[in-house]
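Engineer: With chain A held as given, fit chain B onto it using these hints.
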Amino acid sequence: MQATATESAVQTRSSGRAKGRFNKFKQYRMLFLMLVPGFIFLLVFNYVPMYGLVLAFKDFRITSGILDSPWVGTKYFHKVFDDPHFYVVLKNTILISVYKLIFGFPAPIAFALLLNEMRRPLFRKWVQTVSYLPHFISWIVLAGIFTTLFSLDGPVNALVKAFGHAPVVFMADERYFRSILVGTSVFQSFGWSSIIFLAAIAGVDPQLHEAAIMDGAGRFRRMIQITLPMLAPVISIMLILSMGTILDAGFDQIFNMYNSQVYGVADVIDTYVYRLGLINADYSYSTAVGMFKSVVALILLLSVNRLVKAVGGNDHTLW
Amino acid sequence: MVYRKTRLGMAADLCLYASMTLLMLLTLYPFWTQLVTSLETGASVYSTRLMFVPEHVSFEAYRLAFHFTPLWTGYLNTIVRTVLGVLCMLVVTSLTAYPLSKKDLPFNRALTGFLLLTMLFTGGLIPNYLLIRELHLLNSVWALVLPGTLSAFNALVMRNFFRSIPDSLEESARVDGAGYLRIYVSVILPLSAPVLATLALWVGVGHWNAWFDSLIYMTDGHKQVLQVVLRKILIENDTTDMNAMIQKMNTHSEYTDRQLQAAVVMLSIIPMLVVYPFVQKYFVQGVMVGAIKG
Numbered sequence: 002m003q004a005t006a007t008e009s010a011v012q013t014r015s016s017g018r019a020k021g022r023f024n025k026f027k028q029y030r031m032l033f034l035m036l037v038p039g040f041i042f043l044l045v046f047n048y049v050p051m052y053g054l055v056l057a058f059k060d061f062r063i064t065s066g067i068l069d070s071p072w073v074g075t076k077y078f079h080k081v082f083d084d085p086h087f088y089v090v091l092k093n094t095i096l097i098s099v100y101k102l103i104f105g106f107p108a109p110i111a112f113a114l115l116l117n118e119m120r121r122p123l124f125r126k127w128v129q130t131v132s133y134l135p136h137f138i139s140w141i142v143l144a145g146i147f148t149t150l151f152s153l154d155g156p157v158n159a160l161v162k163a164f165g166h167a168p169v170v171f172m173a174d175e176r177y178f179r180s181i182l183v184g185t186s187v188f189q190s191f192g193w194s195s196i197i198f199l200a201a202i203a204g205v206d207p208q209l210h211e212a213a214i215m216d217g218a219g220r221f222r223r224m225i226q227i228t229l230p231m232l233a234p235v236i237s238i239m240l241i242l243s244m245g246t247i248l249d250a251g252f253d254q255i256f257n258m259y260n261s262q263v264y265g266v267a268d269v270i271d272t273y274v275y276r277l278g279l280i281n282a283d284y285s286y287s288t289a290v291g292m293f294k295s296v297v298a299l300i301l302l303l304s305v306n307r308l309v310k311a312v313g314g315n316d317h318t319l320w
Numbered sequence: 124m125v126y127r128k129t130r131l132g133m134a135a136d137l138c139l140y141a142s143m144t145l146l147m148l149l150t151l152y153p154f155w156t157q158l159v160t161s162l163e164t165g166a167s168v169y170s171t172r173l174m175f176v177p178e179h180v181s182f183e184a185y186r187l188a189f190h191f192t193p194l195w196t197g198y199l200n201t202i203v204r205t206v207l208g209v210l211c212m213l214v215v216t217s218l219t220a221y222p223l224s225k226k227d228l229p230f231n232r233a234l235t236g237f238l239l240l241t242m243l244f245t246g247g248l249i250p251n252y253l254l255i256r257e258l259h260l261l262n263s264v265w266a267l268v269l270p271g272t273l274s275a276f277n278a279l280v281m282r283n284f285f286r287s288i289p290d291s292l293e294e295s296a297r298v299d300g301a302g303y304l305r306i307y308v309s310v311i312l313p314l315s316a317p318v319l320a321t322l323a324l325w326v327g328v329g330h331w332n333a334w335f336d337s338l339i340y341m342t343d344g345h346k347q348v349l350q351v352v353l354r355k356i357l358i359e360n361d362t363t364d365m366n367a368m369i370q371k372m373n374t375h376s377e378y379t380d381r382q383l384q385a386a387v388v389m390l391s392i393i394p395m396l397v398v399y400p401f402v403q404k405y406f407v408q409g410v411m412v413g414a415i416k417g
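From first to last, the protein sequence lines are chains A and B. For the first sequence, the numbering used here gives the first residue as 2, with consecutive numbering after it. For the second sequence, the numbering used here gives the first residue as 124, with consecutive numbering after it.
Looking at chain B on its own, in the form it has when it is part of the complex:
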């Protein structure tokens, strides 16, 4: 399309680009302040200012935070739950979605209804908690993995994708004598890489950032995920463990609690910041796949 370059149009463009730049800076600012704080030394972190640049740069807070083992235990627990959660989700969701993608499957409407009902009504906090307790899953990583394995929404997204695969591909496999399971494994799944990747990322980020289930189901501190470790440090402001650890290190370095907190924040979001620009396009594609009306 060709645009006439008018003075008004150029002024509008200028406004547009300027305000978008401002918005971008505003969005980044909160994260920037954490970076600045984490690099700051001594009491200057507590001086009231806009924190555009650190006054003195020091990596001391990072060095100390690196030695704080609960952080890495939390990391490990998070990685384990994320990997298990994504794998279980992919297997169970695709197994459920494939039969439901067949419009000629007997009772399809009733079966889909059984799935959809879970979207409309839920048991809520206490029944879920008691269920996990009755199943003796407290303090087990499965308490974090199993409940979210099959969500109606993910199943619908996948079912819709499966339906968009041309029937002719499946027909030709059937002519060659393949049964449904064979078709699912060697025709449907390979063609569904985009939707599988998207859901894996969606669910993966969900697991990575999840904390509430870990907070209530894990009573053993060593089993808590990264976010709950962070919660203790950032939200409950409980830095006694970190300070005790630093005392033991017998270091003479100058640091403050706030600086440690900021360093921990940075250490927790850096993996996300590194990976996310590369994967976000899959998320965007996924939203479009999910937008097809079920």
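With the rest of the complex left out, here is chain A:
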């Protein structure tokens, strides 16, 4: 740094600027070199697929590849918006996501608040460890387990029978399938998602609590009026993040749990794209559906971020 400064000071004013910039590049040469592999990865595995989205505006022919396939304009987007099943899929995606948000979002916050009230470290640690566990198990295994749990001779039906009702084929019943998706999703994620809130709780200034104790505030009162408000920035960031993924609905889970009997309530954009694209090999149409999803997700993310910025100020936003 110092060498560059003295060197450029020696230069005359006119050539100094160009020389200074050159020296700066020389100085940072190694850093730029280090960026090369990463940026190649980004180009190949992120930007090339983004370019691949032009597929949605072309008639893909396997023999000509993406570049030489003929342009067809918005033909496939018209097809998307004329496809009645697309609306079923869109509705399912949004419904499942919103239900998951309604039940899945507050659960880890409540869990973190309660966990914070546990004063026995060992017990607390056990509860935490157990609650994170499902997050580490793949949806294939979880789906396998839930399918047996909810099967006709499974434990859930044992309960149903114990209460004197006829057993239900839960996994093939449109009335229950979404509830099962939401419930098992909360089961899988509540513990793990609570970590970020626990971290935020740990960062709360203890003086706030001490002051509140002096003022005679009880534990419950402090939980609601100190800890919870201190979580507001984290809560809003997490909410923004979940808005950006509202069209995701949980592919891993649904793909492994659904079956043709419940497509009416459980088929979502991602599963539809998979079946169209990789099973029916309808590449262009499937890309158009997928692109619709990416664009909407981007718009959602940007607008929610702006909204939160307008309401809560910079602390609460992503960037």
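If you're looking for bench data, these hints aren't it; they were derived computationally from the structure. Worth double-checking, as some hints may not be accurate.
Unchecked claim - Derived, one-sided and incomplete: chain A residues facing chain B with beta-carbon distance under 7 Å:
1) 32
2) 36
3) 46
4) 54
5) 72
6) 73
7) 128
8) 130
9) 138
10) 156
11) 180
12) 240
Unchecked claim - Footprint (simulated), chain A over chain B, 3 or more residues, beta carbon under 8 Å:
13) 180-192
14) 198-210
15) 225-235
16) 241-252
17) 271-285
18) 383-394
19) 397-404
Backbone N, C-alpha and C define an ideal beta-carbon position, used for all residues, glycine too.
Structural biologist: Same frame as chain A, now just chain B:
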């Protein structure tokens, strides 16, 4: 802090601990039923009940599952992709994150933007699939490793960590004549063990549990990862391979498909159950590192 022991407070505590215990048991219950089923013998697995304890204990299902070679091929493929995936991720991510952690690097904002854009918008399933096909990576382990090597999120987490390392340490190395590469190797990386370990675990678990890429990129059954082998047995309910294998073993043991499925589930999650209590604290630390706003 000192708490006044009031009757109300004690009742609240009792409720709290009781409900947390219940929650814990409820979380463990699904896994417990699998253990019970896997140890069960004969037709009793199909009787409708709550499955708190097995009626007759037998390890027969495990013995049979142990001889099912596709399971171990799957294990091997999973281990290979996890190790390669984590190593590639660590090298490329740290190489990218270090220059971006320098606020005085020319074009830093533009370069970071190039990285961040990948978080906002993605090509989606079909373009990715066609890319892998065009690169002739189908049926190659690199199809599972390379696409996830650099993620913007991991790079940001690492960049933020690098920024938290005091400049003075780097300055003293520079006075000794070390260049950026030297500083990166012998100052930054050794000091970054926590973030490297955390990301390695994060990405490692991701690879361990990943299945979709293997399902679509690997058409050769011998190259499928453990999760896809499990998927065939558990989700597609295809136990013909296992049954054929057992027929060949010429055993007279009594078993059912469900019992085999449960044994396979247990065999697949046991490594996770064993390792995970020891590593979970790093995950928790990692979430906090990642929580620093980028």
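Engineer: If a hint holds in the structure, say so; if it does not, say that too.
Structural biologist: We went through each hint and held it up to the structure:
no.	hint	result
1	32	4 Å, holds
2	36	5 Å, holds
3	46	5 Å, holds
4	54	6 Å, holds
5	72	16 Å, violated
6	73	16 Å, violated
7	128	5 Å, holds
8	130	6 Å, holds
9	138	6 Å, holds
10	156	5 Å, holds
11	180	16 Å, violated
12	240	15 Å, violated
13	180-192	violated (count 0)
14	198-210	violated (count 0)
15	225-235	holds (count 4)
16	241-252	holds (count 11)
17	271-285	holds (count 3)
18	383-394	holds (count 5)
19	397-404	holds (count 3)
Against the hints set out earlier in the document, violations occur for numbers 5, 6, 11, 12, 13 and 14.
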